[in-house]
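Colleague: Starting from two chains that each stand alone, build the complex the way the hints lay out.
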Amino acid sequence: MARRHVSTRVNGEPVEFLCEPHQTLLDVLRDELQLTGTKEGCGTGDCGACSVMLDGRLICSCLALAAEVEGAEVRTVEGIASGNELHPLQRHFLEEAALQCGICTPGFLVAAKALLDGNPDPTEREVRFALAGNLCRCTGYDKIIRAVLDSAAELRGEA
Amino acid sequence: MLRLPPFTYHQPREIDAALRIVADHGPEAMFVAGGTDLYPNMKRRQQVPSQVVSLGGITELHGISGDPASGLRIGAMTSLTELEENAALAAAYPGFAEAVASISTPLLRNMGSIGGNLLLDTRCNYYDQTEEWREGINYCMKCEGEICWVAPSSPRCWAVQSSDSVPILMAMGAEVILRSPDGERRIPLLDLYQDDGIQFTTKKPGELLTALLLPAQDGWQSSYLKLRRRGSFDFPVLGVGVYLRMDGAKIAELRIHIGGIGSIAHAASDSAAALIGTVPDRESIRAAAKAAFKPTRAMDNTDHGAAWRKKMAPIFVSRAIEAALARNS
Ligand SMILES: Cc1cc2nc3c(=O)[nH]c(=O)nc-3n(C[C@H](O)[C@H](O)[C@H](O)COP(=O)(O)OP(=O)(O)OC[C@H]3O[C@@H](n4cnc5c(N)ncnc54)[C@H](O)[C@@H]3O)c2cc1C
Ligand code: FES
Ligand code: FES
Numbered sequence: 001m002a003r004r005h006v007s008t009r010v011n012g013e014p015v016e017f018l019c020e021p022h023q024t025l026l027d028v029l030r031d032e033l034q035l036t037g038t039k040e041g042c043g044t045g046d047c048g049a050c051s052v053m054l055d056g057r058l059i060c061s062c063l064a065l066a067a068e069v070e071g072a073e074v075r076t077v078e079g080i081a082s083g084n085e086l087h088p089l090q091r092h093f094l095e096e097a098a099l100q101c102g103i104c105t106p107g108f109l110v111a112a113k114a115l116l117d118g119n120p121d122p123t124e125r126e127v128r129f130a131l132a133g134n135l136c137r138c139t140g141y142d143k144i145i146r147a148v149l150d151s152a153a154e155l156r157g158e159a
Numbered sequence: 001m002l003r004l005p006p007f008t009y010h011q012p013r014e015i016d017a018a019l020r021i022v023a024d025h026g027p028e029a030m031f032v033a034g035g036t037d038l039y040p041n042m043k044r045r046q047q048v049p050s051q052v053v054s055l056g057g058i059t060e061l062h063g064i065s066g067d068p069a070s071g072l073r074i075g076a077m078t079s080l081t082e083l084e085e086n087a088a089l090a091a092a093y094p095g096f097a098e099a100v101a102s103i104s105t106p107l108l109r110n111m112g113s114i115g116g117n118l119l120l121d122t123r124c125n126y127y128d129q130t131e132e133w134r135e136g137i138n139y140c141m142k143c144e145g146e147i148c149w150v151a152p153s154s155p156r157c158w159a160v161q162s163s164d165s166v167p168i169l170m171a172m173g174a175e176v177i178l179r180s181p182d183g184e185r186r187i188p189l190l191d192l193y194q195d196d197g198i199q200f201t202t203k204k205p206g207e208l209l210t211a212l213l214l215p216a217q218d219g220w221q222s223s224y225l226k227l228r229r230r231g232s233f234d235f236p237v238l239g240v241g242v243y244l245r246m247d248g249a250k251i252a253e254l255r256i257h258i259g260g261i262g263s264i265a266h267a268a269s270d271s272a273a274a275l276i277g278t279v280p281d282r283e284s285i286r287a288a289a290k291a292a293f294k295p296t297r298a299m300d301n302t303d304h305g306a307a308w309r310k311k312m313a314p315i316f317v318s319r320a321i322e323a324a325l326a327r328n329s
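Chain order of the listed sequences is A and B.
Take the first sequence: its position 9, counting from 1, is numbered 9 in the working numbering, and each next residue is one higher.
Take the second sequence: its position 217, counting from 1, is numbered 217 in the working numbering, and each next residue is one higher.
The hints are simulated quantities; they were obtained by calculation from the structure and are not laboratory data.
Note that the Cβ used here is the ideal one computed from N, Cα and C, for glycine as well.
Be aware that one or more of the hints could be misleading.
[Said to hold, decoys possible] With the Cβ distance kept under 8 Å, some of the chain B side facing chain A (calculated, not the full set):
1) Leu4
2) Pro6
3) Tyr9
4) Tyr39
5) Pro40
6) Thr105
7) Asn110
8) Tyr139
Next up, chain B with everything else stripped away, as it sits in the complex (with noise of 0.2 Å):
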């Protein structure tokens, strides 16, 4: 059976306590949210801090401000349940709410934050295995161990972006706030993100990633498309967002991203750049989807074949894109 590794755990109710700890405690303290990504990981020793601090108690981390037509924001400890059923954001960003919705299970989505799904750890099959099994293939360079088990003349790690709203919100151009004892910094999603199994995001040790903020939602449209094994529970092994903007029959703008596929949800900037500016009917999209599989990189270190996985990226693009259209009209 699993258990969870002796830890100190801190509750503080104000942002600056919560900075202050970590600031103190250094590498040894993470943050945790709805604890449903760091606690499995604690519990197999991916992660073994011995200082977890609560963001739970912290009010201002809560809730959903704005509205669509100037933009939304975000507390990074609103759970996934609360997203999933708030109609306004439903309407007005169907994408995002299609990929909420789409995230694990009920039980989960009300534990789950918004903030924990957006730095959600990268996944791969050889990282997350128990302890035992991972001390059976004398552990891989993600955690304690030195090669790359899916790419073993790698010098990086390949373990996969697997959030369901990073794709979508990466398209949409949405931003985070992240919070240090230096102050506050507000950057696109677009910049939060890296290439690399390990050092998969650019936040800092320590920075606390206090709100989401959505575009202003002016004539804008969106999908998300996810494949999984089961259609009701799996982490995506492949995962579209589609964000356009029609000028009458015209695509204006186009945003692809692809996710579950690879360490970062990369752009399909060839699909889009083909489509903006044309009429799109069923051909053109599909002909402009097929750039989406070159840059496509899928290992065998998720659910499903590589190849496969690969294969349906352009089938997954032309779709995700035909049910944002369809949404627009």
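Next up, chain A with everything else stripped away, as it sits in the complex (with noise of 0.2 Å):
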């Protein structure tokens, strides 16, 4: 079958990739890209550890084709510090304690960071349901919904 060679851009760099039709974009990321900070647990929509941004959507990278990032722009947990300064809501998940084994940990920034674009002042609710399909089976939660809130916060500039 033939290799499909797909340009796209990554974190805001330009990228480009040979792949099989049947490599998802989670296979190129770690296996092509060596961009291994998105991580793979289920496989099948139900956890959330491959959480990425494509265009601005958030979406789960293990059921998304790699063939189909052709001309899009795709942001993964790599691109969310500036350079050695880490973003506010990585500071706060270190600082809060918002992980333990911390497998699913990029893709819950990845999502709360979708969420925090999009609603800069969410409720604890939203952000519940905002985060539904990241699934933590360590922290039970509660650190990272407050980590996210303090976050939010901070980035109002309000604490």
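Modeller: Okay, here's the thing in structure tokens:
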């Protein structure tokens, strides 16, 4: 089967790769582009560990074909910090112990950033519903929700 | 780790081109919209098309047109998020908007389409499993096997209709447009589905669902109520859609469909008939809803126990009717 040539942008940088039609965006990010920040949990849409932004929309990269990102803009967890400076979400996750094993963390960060980009002042309920597609088996969620609310407050200049 | 099986990927720009590819390859080919149902199934080898035909590049299939006063036309590829964010739609068809907002997760609603939701594969605890798991039980009749594990003496498959939008859209009397190389047909959703876990739609192989048509919104009210384990994310294991119109204090028309239980979202016609022409109150609604118990076919092939889901059916029917009535006042 013919490999496809795909030109895209990942975290603002132009990227080109070859892929098989059946490779997912997650397969290519991790195996071809060595961007291993994005995780694979279930591979079937249930867990959100693979969350990335595709043209400004939050998606599961385990269910998107790599061939479909031709000409698109992909943003992953690697693009959240500015250089060496962590994004407030990353900082609050660390400071407030919103992670234990950490496999869900990249997905939560990407999904939480997607939420705050569109809604800078969410209620706790809105945060819980917006992050419903991201599962965590360790923390019990509470610290994650609090870290997101505190990041939102800081980003609004209230903390 | 689950990986997609190899396939040839087609990205047509026109409906006719998509229809031609599927006509050429027959049962080997499948359409893919958002892929949130098809790709998990392919990873688990429940469905293994060698030709996958993407609908994403066909602009004609995207978007919403018309207005509630005369009816809305929703392109099959319109995403669930687009529907959820459409304020005019939510105001005119609150039951449908509620159903859409309850589907899966924000990530998956960004990817999933309404067309894919209408044609969502039926689900079953013995079917939605990995290849190895299913091989271990020697498969089931829906895929590669002989028997139905939830009802081993049954000649038919009992996989469950699990789309949230279907019960309310059936109650609303919504229609769909299906297109094939032979032309186009417009049919009520009531005629799109049939009571079988395998052959759950009457859509012909190779037919493309191009649009969903919502009825003109003249004085109807609606609601959708869903039973699931988690409040923010899970397939329905019972989903009740209610559509009604009042004549003064009396219920003039009422239609109720129950999904997430059985292979089709069946009508709770006796419950509806008991209330039509009456001035409803709490007692009469509860009494009428009891009639929803008998036709509810629950099997132990989803989350939550079958007996409990069946017991919940009348309770959800009465709550959904009350929710639609509350919207009306
Ligand atoms: C973890 C998880 C949770 C979910 N929870 C829910 C839930 O709570 N409620 C719910 O209703 N759904 C749920 N879903 C199912 C699914 O995400 C939605 O039903 C979604 O709307 C399917 O749309 P899609 O575009 O992704 O479909 P696809 O996967 O692209 O297609 C589904 C099927 O329809 C066919 N098809 C698609 N479009 C057309 C068309 N225009 N013409 C002809 N055939 C077509 C495909 O060939 C395929 O067989 C869930 C899925 C996952 C993975
Ligand atoms: S790995 Fe994609 S949702 Fe779990
Ligand atoms: S920290 Fe382990 S799954 Fe979330």
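Colleague: For a quick check of understanding: which of the numbered hints are violated here, in increasing order?
Modeller: 8
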